[in-house]
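Student: The primary structure of each chain is shown beneath.
Protein chains: 2
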Amino acid sequence: MARPSPYGRAMSVTDEYLKNNEEYAKAFSGPLPLPPSKHVAVVACMDARLDVYRVLGLSDGEAHVIRNAGGVVTDDEIRSLAISQRLLGTREIILIHHTDCGMLTFTDDEFKRAIQEETGIKPEWAAESFGDLAEDVRQSLRRIEASPFVTKHESLRGFVFDVATGKLDEVTL
Amino acid sequence: MARPSPYGRAMSVTDEYLKNNEEYAKAFSGPLPLPPSKHVAVVACMDARLDVYRVLGLSDGEAHVIRNAGGVVTDDEIRSLAISQRLLGTREIILIHHTDCGMLTFTDDEFKRAIQEETGIKPEWAAESFGDLAEDVRQSLRRIEASPFVTKHESLRGFVFDVATGKLDEVTL
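Line order of the protein sequences matches chains A and B.
With numbering that gives the first Met the number 0 applied, the first sequence closes on residue 172, and no number is skipped along the way.
With numbering that gives the first Met the number 0 applied, the second sequence closes on residue 172, and no number is skipped along the way.
Same chains, same label: a pair holds when it works inside one copy or across any pair of copies.
Taking lysine to aspartate or glutamate and the DMTMM-like style, the derived pairs with C-alpha atoms no more than 25 Å apart in a straight line are:
1) K121 with D74
2) K166 with E21
3) K166 with E22
4) K151 with E169
5) K166 with D59
6) K121 with E109
7) K18 with D59
8) K151 with E123
9) K25 with D99
10) K25 with D168
11) K166 with D131
12) K18 with D99
13) K25 with D14
14) K25 with D59
15) K166 with D14
16) K166 with E153
17) K151 with D107
18) K25 with E15
Simulated from the structure, these hints should not be mistaken for laboratory data.
Full structure from sequences and hints, please.
Tutor: Structure (structure tokens):
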């Protein structure tokens with residue numbers, strides 16, 4: 000199955016990170032059990048400034064961490080949460096959006112139009128951009144509440160992470 | 000818009016994590032810029048033992064981190080990667096699956112059948128279970144290569160994280 004990589008590059012950031020991983024493995028003590036020990040699932044934005052383990056003080060093995068552009072809830076988050084709850088026993092859900100989010104800076108129409116103009120193909124999926132942070136946290140909360148497949152949680156709460164202060168502010172429905 | 004939470008619980012893990020966040024914010028120095036400074040996007044499994052920032056030695060602000068059940072590539076990861084590359088300038092992709100993954104422990108048919116028997120509704124989405132780790136990393140690599148919307152990367156590499164040793168092992172196509 001081996002074939003040469005089509006990507007040429009002397010020393011990539013990926014290579015730097017692999018060197019970091021060698022150091023990480025030296026001090027590693029495992030393995031921990033598969034099911035999250037704190038029975039929590041987090042859904043957060045992919046933003047580079049949102050180190051979910053540090054922001055929440057998670058230790059290894061405690062919580063599932065699901066992330067995407069915006070921290071929005073689409074079918075793939077419903078899939079992940081259904082697996083998390085039904086097969087691995089999580090019972091709390093924490094949603095995290097954040098200030099200064101890239102999703103606030105464009106519209107679905109213009110993003111998909113730009114892709115169509117460059118590639119000739121318009122994405123068949125929604126880009127899930129939004130204009131108001133708290134409103135989109137509520138939208139994500141409601142999508143979970145409306146799902147017939149994610150029903151096992153005893154707690155469901157949503158927050159906005161402030162990238163200037165490091166604080167989480169709760170958004171209520 | 001405020002309404003009382005339907006979930007009652009004296010002191011949840013979520014509350015513990017919010018206390019951790021108060022400590023985190025005390026030592027926080029921000030804000031950093033929005034675009035990832037190392038121009039990297041990571042796609043990894045949601046597994047609780049996979050602290051991506053520590054495994055790769057990521058610092059705040061360096062890389063997007065996208066995660067779901069399995070670390071598989073579905074439309075939502077294509078959406079997130081397209082936004083990451085086209086709007087925020089990432090140019091390398093790192094995929095991470097891991098040993099002892101929950102996705103190896105069930106089949107789509109039995110998972111969806113169990114949901115249907117309990118709720119009366121069969122999920123319209125694939126659960127994305129798999130039987131071979133390296134093969135599924137290759138599957139994810141190929142889905143990205145086949146996408147007309149994720150085309151800006153100069154590096155695309157896939158790995159299996161060993162939950163017993165903390166090491167990343169590369170999977171080649």
